[in-house]
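Asks: Here's the letter readout for the chains.
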Amino acid sequence: MRWIWIDRFVEFVSRERASAVKNVTLAEDHLHDHFPGYPVMPASLVIEGMAQTAGLLVGEARGFAEKVILAKIRRAEFTEHAVPGDQLRYDAVIESLDDRAAVTFGTVYKNGALMGYVDLIFSHLDKAETPPDMPRENFVFTDQFIDLLAPFGIRRGTRTSDHG
Amino acid sequence: MVASRNEVFEKVRVVLTDALGVDEEEVRAESTLQRDLGAESIDFLDIVFRLEREFSIKIPKGELFPDDVLNNPDYVSGERMTATGLAKLRAAMPHADFSKFEKDPRVSEMPELFTVNTIVNYVESKLKAA
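First to last, the sequence lines map onto chains A and B. Take 159 as the starting number for the first sequence in my numbering and just add one per residue. Take 27 as the starting number for the second sequence in my numbering and just add one per residue.
Just so you know, these hints were derived from the structure itself, not from any lab. None of the values given here were measured: they were computed from a predicted structure. All C-beta atoms, glycine included, are put in the ideal place defined by N, C-alpha and C. Any given hint might turn out to be false.
Below, in silico cross-link-like pairs of lysine-lysine (DSS-like), each with a Cα-Cα straight-line distance of 27 Å or less [to be verified]:
hint, chain 1, residue 1, chain 2, residue 2
1, B, 37, A, 230
2, A, 230, B, 87
3, B, 154, B, 84
4, B, 126, B, 114
5, B, 114, B, 84
6, A, 230, B, 84
7, B, 114, B, 152
Pulled from the structure, derived: some chain A residues nowhere near chain B, Cβ distances all over 12 Å [stated by the list, open to error]:
hint, residue
8, 195
9, 200
10, 281
11, 305
Only chain B is shown next, with the shape it has when bound in the complex (with noise of 0.2 Å):
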């Protein structure tokens, strides 16, 4: 049986409090890695250790958080994306929300698409295809 959303976000949000060495209380769906939780590079990485281990599942390099297309200066314009830049990160992250962002997609802006709920949506995903 495929687990409910909530089941869902309450295994992220165990990840995450391990992980992050967060508060559980901190870890809501909207809270962004980065700037609420205080994730760093190398913390990305963890995240996605563990969420394989917990929902057993396997994530293949940069399908979750796909840095591939994040660092790619082809992408970018000054501070901002370029239109085929966001057309790319909107291919590679379905499970994001791109209704702030793609307003106004300044690249100092992109942890706003790395929130806990992004994770949810990619690990739903991911079990409903298994």
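The following block holds chain A by itself, in its conformation from the complex (with noise of 0.2 Å):
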């Protein structure tokens, strides 16, 4: 399955931000659902955009050898809704990162202009802690989510201090 909600980035500048556009479009079988006669994409796939630009940004400060997954939504708030022909743009920037966590700020911009605020905490869940019956390999960071940044010239295995 393909669970990619962001378009392109458009700005990676590694351990500090990142930007990411998605384009909203009737394309997407779930609009029709939601709702009937009235697409709205729903918010949480705002916030899921919002936690693939900064889970990717925080992966990649750490040369994606950890799997960082989503632990705490710790604030969502829009005023309004993206509906298709919007472009959002997720700015996400790290708040802190260390050997636990990570905390991103994000704003969420529909058209270019404010449409709100997902601030996130990302956890590391290293080899020692990864229960038994979870994939050992980084199912977090396939090559697909990484080949985002290919524009930005950062790969699987890229030297961070390459792109800093």
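Could you use the hints to bring the two separately framed chains together as a complex?
Replies: Dropping the structure here:
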């Protein structure tokens, strides 16, 4: 399954901030059910878009070595709906990052105007903490996901200091 | 100037209100984080990050919530903490009130150590040391 809710990164500053855009389109099946006759992008997927933007930022900061798991939505506030034809921009900033976890602050814009805020906590699931029934490979950062960063010269195994 | 205990408490109250989504009135000095305020494990990390920001302090891993002692099976016998474990925990948490827990140190009662007061005591000690 392809679970990618951002279309393109437009800015990426390693260990600092990243911006990604998402074009909302009626080609997305779920919008026909949410809601029939009144398509609205579910707020949970707006949060997911920010989580992917911020999650890649956090993952790249540590060379995609760890599984970065969305652990907590600290804040999610939206003042408007996103509907087909809208372009969302997710601006994510790393507030703190250490061995345990990362905190990110996020601002969502719709067609250039402020639409809301999504602040998140990611936890680093290292090998020692990974339950035995979990896949050993890094299922969080698939190649398809990391390919989103190719325009910035970032690939799995790239030294993070090369593109800071 | 070092903040008064009341000032520290009010700030801690705001931190907990934001981190746990509870009402201000629910946050009392004696409230326990898990049982009274519904904190889950990731919330402890969130609280640590928010305290660091609010009070401009650095909280090393395990200092406020010493999970290395809490989760160490060597310090547990049956459903109780061993005397060694209790001593370690006391040393690791000088900011907690052990008067109730030490009488009946069942592992299931550990959440009683993590009260709003425990956090206020900890922050006060950090601010004094700064």
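Asks: So, for every hint listed, does it hold in this structure?
Replies: Against the structure, the hints come out as follows:
1. Our distance criterion of 27 Å between C-alpha atoms is met by residue 37 (chain B) and residue 230 (chain A), whose separation comes to about 22 Å.
2. Restraint check: the Cα-Cα separation between residue 230 (chain A) and residue 87 (chain B) comes to about 19 Å, which is no more than 27 Å; the hinted pair holds.
3. Annotation: proposed proximity of residue 154 (chain B) to residue 84 (chain B) holds, straight-line Cα distance about 13 Å (limit 27 Å).
4. Simply put, residue 126 (chain B) and residue 114 (chain B) have alpha-carbon atoms about 17 Å apart, close enough for the 27 Å limit, and the pair holds.
5. Restraint check for residue 114 (chain B) and residue 84 (chain B): satisfied, since their Cα atoms lie roughly 22 Å apart, inside the 27 Å limit.
6. With a CA separation close to 21 Å, the supplied pair residue 230 (chain A) and residue 84 (chain B) stays within the 27 Å bound.
7. Pair hint residue 114 (chain B) plus residue 152 (chain B) holds up; C-alpha atoms about 20 Å apart against a cutoff of 27 Å.
8. Here residue 195 (chain A) stays apart from chain B, with its beta-carbon at least about 34 Å from theirs, past the 12 Å limit.
9. Non-interface status of residue 200 (chain A) relative to chain B is upheld: no Cβ of that chain comes within 12 Å, the nearest being about 21 Å off.
10. Annotated as non-interface, residue 281 (chain A) brings its C-beta within 12 Å of a C-beta of chain B; the closest such distance is 7 Å.
11. Under the 12 Å C-beta cut-off, the non-interface status given to residue 305 (chain A) relative to chain B holds; the minimum distance is some 30 Å.
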